[in-house]
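J.: Listed below are the residues making up each chain.
There are 2 protein chains.
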Amino acid sequence: MREHHLTVPVPMERVSIRDRFWRGRIDQMAREVIPYQWNALNDNIPGAESSHAVENFKIAAGLANGKFYGERFQDSDVAKWLEAASYSLVSYPSPELEKVMDGVIDLIGRAQQEDGYLNTFFTVAQPENRWKDFSHGHELYCAGHMIEAAVAYYQATGKRKLLDIVCRYVDYIISVMGPEEGKRKVYCGHEEIELALVKLYRATGDEKHLRLSRYFIEERGKQPSFLAEEETFGWIFKDKWFGLDYHQAHAPVREQPHADGHAVRAMYLYAAMADLAAETGDSTLIDALGKVWQSVAGRRMYITGGIGSQGHAERFTFDYDLPNDVAYAETCASIGLVFWMHRMLRLEPNGAYADVMERALYNGVLSGISLDGTRYFYVNPLEVHPEAVRERADHKHVKPERVHWFGCACCPPNIARLLTSLGQYVYSTDVRGVYVHLYMENEAAITVGSHKVTIAQKTEYPWDGDVTLEVHPERECEFTVGLRIPGWCKAWMLMVNGTPVLEPDVARGYAMIRRAWKEGDVIRLLLPMPVERVKAHPLVRENAGKTALQRGPMVYCLEETDNGPNLAGISLSKSADIRTASWEDGPEGAVALEAEACRDDVAGWGQQLYRIGEFPAVPHRMRAVPYSMWGNRRPGEMAVWIRERG
Amino acid sequence: MREHHLTVPVPMERVSIRDRFWRGRIDQMAREVIPYQWNALNDNIPGAESSHAVENFKIAAGLANGKFYGERFQDSDVAKWLEAASYSLVSYPSPELEKVMDGVIDLIGRAQQEDGYLNTFFTVAQPENRWKDFSHGHELYCAGHMIEAAVAYYQATGKRKLLDIVCRYVDYIISVMGPEEGKRKVYCGHEEIELALVKLYRATGDEKHLRLSRYFIEERGKQPSFLAEEETFGWIFKDKWFGLDYHQAHAPVREQPHADGHAVRAMYLYAAMADLAAETGDSTLIDALGKVWQSVAGRRMYITGGIGSQGHAERFTFDYDLPNDVAYAETCASIGLVFWMHRMLRLEPNGAYADVMERALYNGVLSGISLDGTRYFYVNPLEVHPEAVRERADHKHVKPERVHWFGCACCPPNIARLLTSLGQYVYSTDVRGVYVHLYMENEAAITVGSHKVTIAQKTEYPWDGDVTLEVHPERECEFTVGLRIPGWCKAWMLMVNGTPVLEPDVARGYAMIRRAWKEGDVIRLLLPMPVERVKAHPLVRENAGKTALQRGPMVYCLEETDNGPNLAGISLSKSADIRTASWEDGPEGAVALEAEACRDDVAGWGQQLYRIGEFPAVPHRMRAVPYSMWGNRRPGEMAVWIRERG
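So the protein lines, in turn, are chains A and B. Heads up: the first sequence runs through residues 1 to 646, numbered per the numbering used here. Heads up: the second sequence runs through residues 1 to 646, numbered per the numbering used here.
It is worth saying that the hints were derived from the structure and are not from the lab. Note that this is a predicted model, so its numbers are computed, not measured. There's no promise every hint is true.
[Unchecked claim] Which residues of chain B face chain A? A partial, calculated answer using Cβ under 7 Å:
{"no.": "1", "residue": "Arg-110"}
{"no.": "2", "residue": "Val-389"}
{"no.": "3", "residue": "Glu-391"}
{"no.": "4", "residue": "Arg-541"}
{"no.": "5", "residue": "Ala-544"}
{"no.": "6", "residue": "Glu-594"}
{"no.": "7", "residue": "Cys-598"}
[To be verified] To list a few chain B residues with every Cβ distance to chain A over 12 Å, as calculated:
{"no.": "8", "residue": "Asn-44"}
{"no.": "9", "residue": "Ala-288"}
{"no.": "10", "residue": "Arg-299"}
{"no.": "11", "residue": "His-312"}
{"no.": "12", "residue": "Phe-318"}
{"no.": "13", "residue": "Lys-396"}
{"no.": "14", "residue": "Asp-466"}
{"no.": "15", "residue": "Glu-532"}
{"no.": "16", "residue": "His-537"}
{"no.": "17", "residue": "Ala-548"}
{"no.": "18", "residue": "Gln-550"}
[Said to hold, decoys possible] No farther apart than 25 Å at their CA atoms in a straight line, the calculated lysine-lysine pairs in the PhoX-like style are these:
{"no.": "19", "chain 1": "A", "residue 1": "Lys-396", "chain 2": "B", "residue 2": "Lys-399"}
{"no.": "20", "chain 1": "A", "residue 1": "Lys-240", "chain 2": "B", "residue 2": "Lys-399"}
{"no.": "21", "chain 1": "A", "residue 1": "Lys-199", "chain 2": "A", "residue 2": "Lys-161"}
{"no.": "22", "chain 1": "A", "residue 1": "Lys-238", "chain 2": "B", "residue 2": "Lys-183"}
{"no.": "23", "chain 1": "A", "residue 1": "Lys-399", "chain 2": "B", "residue 2": "Lys-396"}
{"no.": "24", "chain 1": "B", "residue 1": "Lys-396", "chain 2": "A", "residue 2": "Lys-238"}
{"no.": "25", "chain 1": "B", "residue 1": "Lys-199", "chain 2": "B", "residue 2": "Lys-183"}
{"no.": "26", "chain 1": "A", "residue 1": "Lys-208", "chain 2": "A", "residue 2": "Lys-183"}
{"no.": "27", "chain 1": "B", "residue 1": "Lys-291", "chain 2": "A", "residue 2": "Lys-396"}
{"no.": "28", "chain 1": "B", "residue 1": "Lys-199", "chain 2": "A", "residue 2": "Lys-238"}
{"no.": "29", "chain 1": "B", "residue 1": "Lys-199", "chain 2": "A", "residue 2": "Lys-396"}
Note that the Cβ used here is the ideal one computed from N, Cα and C, for glycine as well.
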């Protein structure tokens, strides 16, 4: 086993977020979205699309008559809601909510079959098809989400009921599939149970849960693949984009050189591999993760942390293929990327992972939800031309405006469970000390070795890079504070108690301060945030000759409402000064950008479609706003990448 | 009726093309492609996809047993072949070919039903569905192609047999549908019969043929539409891209403000409308044509004369939506555009129509066929990245290389019938004289008023713009020679017998020389062909900041085989000199272009996907070749639009 350096996240219940940027959004999740979502799951929202998810459990429990309704993974909506609600209980204790949750957990228990099986679709609608469609049936996927819910609820409340239910279900699964002779050699087409089983193992300490996760990961991709024998494999059969690689099943996981296939599935697999490596120290898994990490972060990721550049099959395509207007970049895939990076940081506190986590979080994830928390994007393109979205068949997966969450139930609860558990992403600890991965205002109660330390972080991040951390150790004690230096920051300064730290020790992107910390010590990290012009790798053909604007972690974009139509006609000279500006019609504190640019003069062009000679151009005061906040005003065009003039 | 100025094309049999550029391709059609295609129609090509088209006629005639095989418009392959073969008989008399044609015409006669009906699919396979599927059944479309074949064969040979067959069929059609009470109020989802009936009228002089064409055109688009009531309407029913506008049936033809729907269908409709206007002088039709002409040429046409910017439903989308890489730009649609423009020139000798005709002919049509005449593109994108074509679902309609013609039978015979009848596109006459629309080496025997005049045109066009026309009138006579001044030509010079014509009269793009012409008078037109940088309208967002290179009528492109991979990384400074160069591995006489450009330096970039700062760039000797000739060497990337630097 190769030496590796494990860190453990500081759990969410120890980190109290007080941030101006995040607090309102998290509050909204707990106070509005989670109750609203419960109503949606119970079809109590007039005019909304039916969910039927709770009713399906009632039918499976024999408490109601009727037919199963919804997707075959409808159960996972209930599970994800339980998980998010559990997280919200941690910061917002609510006996009423807990009572509702206990009720639905009772119901889930009644829907569980004699043998431990638990899935309403394959209980009510197609009992004859149990375990017949691993490609698209989502049975183990739903089991995984129920396990995550059970662990979350157990950790939030100490109550074991749902944990016992899923343990019984897992026992049944172990009786059906696994490496032992006579058992089926299978795994789920949509990864999820693998990471859930590691969570379960960490909650129960029962090795069999870890062993099952490991089995699914090791079995995956063995050839010839049992998936290819299934009736539903390939979905529309001849569709090559639904082949084995769609399921990350084209090769054993250690032999997959690229991030391939359905992007969310890939993220959940890699997250599970990282979990497994953290538990087992298997260096071959870490090597495999290194390859797919290079593939994603080095060749297959949008600047927003969006992944999956094709709508059809919601998947990765090939290196440097990152079209802006027909991107898929599903919100859930960016959330999955955050999950994965968080686990990579457990394996190694490396700023490159935290950079990607931050990039996804502040851009491709947050773009998925409107500022008022009521509307969602599933698809997060980097360029939107509303007429093309309406009129072109190859844009049909794109929406020019966010939609209310209940239209489809996949991304909204995923955002909810990420935001309600955001605290756990900020810090981690190892034997040497504490690492600070993200900057946001919070107070954290951290155990470093045998010492209890409170850290109070103050900042206006992401709008300002002045970060103060007050250290309050229980008693004076020596440990390391590792402060992430973001990859976007070229010149930074670090002070302790007002004294600059000269030549600080920087290890893999973290400035390491080791000292005996005393009550009231103050660390100040200054991360200047000039506006940066970012270029894409020259093989990203869509972005040739173009620049993106970034300030701090925030990627910017142009909107029609600020810049008029035909954003493609705007160009920015290489020498143009880009200024920060207050954003009057944006959220409090948010920073806009302005520059003197040019735009092609449509009025001066005339009627001809093609013409010999120069473009007429006119001056244009360009205004850019944070990408994650686009589409909250008037609908219209949007573009991240801006043409640059010589 | 608005005054309009009719001209009549000089028919193909009077124009003998001797051109280095065209002659070889036309020869190839007559000597190789037409016999080859006959074998294909008879399934005599080992390894080729089955056609069964002749066999279908045998089965329908009761001369063979078996099942119908192929598309429901399979009959049209036989008809288009007969039409092209008829044209080739004009220049290449062949008793053997004529005998084969007489044989198949006999067979067609035997396949005709008692009542005059003639369609093997609806005779053999689905007799119960006759006239039930106007949306997608192609019955009248097939009838139209058979009528065109009949007229062509009659004009080539003087034999009436096929003409009589189709006249009987038309009589039957008239008995079923038409404006009279009790008849069905219908028209074909795929236009074709409308223009064919005008040809038939011109051959027979029978007004009923013109009346039926007029009826179909006038009936089209009346609301509510009978098409929308048909079972197959909308194809996959909910697919909005197969709605009424797909068939140009969303409004009466005079009320269609844009070119909409399936591009080939639209071209055939507009061609028929122009034919009808030429016969009737209906100025409201001419006004309607003016609107769709503005729509196509001003807002919806690629620089190559390609039309139809979406693969799904092979159709027009919206103004200025001209993506290069996912273009459809079907070869048949550009051929249809040539057909339409030719008819517009009949209504009015306007250089704008001839410019578009030339643009399509030398670029978007010719790109459809390989230099050796054996391989075809159906789809003619302006940018090809082979990996994207292979790996992206939204590129699946694109092929990175031409395919052998028999894979699908639509475009190849369309190219054949255009090239074998190319002579008719060169000249037209009116009461005042003769118009020269296209420049190519040929000898033409023209009747101007009551005078016979031979014109011998000598030129190396399109590679050189020095055009000489020797005028040989039967006897000295006064008439006008109108020489088209191409829209791409900014400075030209005209001489008669060596004397410059100062301040020549230019009317709608034609330099008009009126004089008493004597034997041996020589007109010399010098059309200098500097390399031009063409820009697209600033609302064509795909081409913002880009330039296309054009020399004479030829649009150029970059190929990977000359420029290495990642063509998107190449940029051309605004001041760079672009030189002509001989093209060693191109066809004889063809001109390549060269310039000192830059390319983004992939090697100097490193591993990062995104980076702050400038692109490293390195010098690059750029080489461009004619677009219509791309893909004849090693496969690889191709791009028409090149990034321009300040």
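J.: Could you check if B:Cys-598 really has its C-beta closer than 7 Å to a C-beta on chain A?
T.: violated, 10 Å
J.: Quick one, are A:Lys-238 and B:Lys-183 close enough, alpha carbons at most 25 Å?
T.: violated, 45 Å
J.: Quick check for students: does the CB of B:Ala-548 sit more than 12 Å from each CB in chain A?
T.: Its Cβ does come within 12 Å of chain A, the nearest being 8 Å, so this is violated.
J.: Quickly compare the C-alpha distance for A:Lys-399 and B:Lys-396 to 25 Å and report which way the hint goes.
T.: holds, 22 Å
J.: Would you check the hint for B:Lys-291 and A:Lys-396, treating anything up to 25 Å between C-alpha atoms as holding?
T.: violated, 29 Å
J.: Far enough from chain A: is every CB of that chain over 12 Å from the CB of B:Asn-44?
T.: Given that every Cβ of chain A is farther than 12 Å from that of B:Asn-44, nearest at about 30 Å, it holds.
J.: Check whether the Cα positions of A:Lys-208 and A:Lys-183 lie no farther apart than 25 Å.
T.: Holds: A:Lys-208 and A:Lys-183 sit about 15 Å apart, inside 25 Å.
J.: Any CB of chain A closer than 7 Å to the CB of B:Glu-391?
T.: holds, 5 Å
J.: Using Cβ atoms and 12 Å as the threshold, tell me whether B:His-312 really stays out of contact range of chain A.
T.: violated, 4 Å
J.: Could you grab the alpha-carbon distance between B:Lys-199 and A:Lys-238 and see if it respects the 25 Å cut-off?
T.: violated, 44 Å
J.: Just want to verify: B:His-537 was marked as not at the interface with chain A; is every Cβ pair farther apart than 12 Å?
T.: Violated, since 5 Å does not exceed 12 Å.
J.: Please check whether the beta-carbon of B:Arg-299 is more than 12 Å away from every beta-carbon in chain A.
T.: violated, 6 Å
Of the numbered hints stated above, those contradicted by the structure are hints 1, 2, 6, 7, 10, 11, 12, 13, 15, 16, 17, 18, 22, 27, 28, 29, listed in ascending order.
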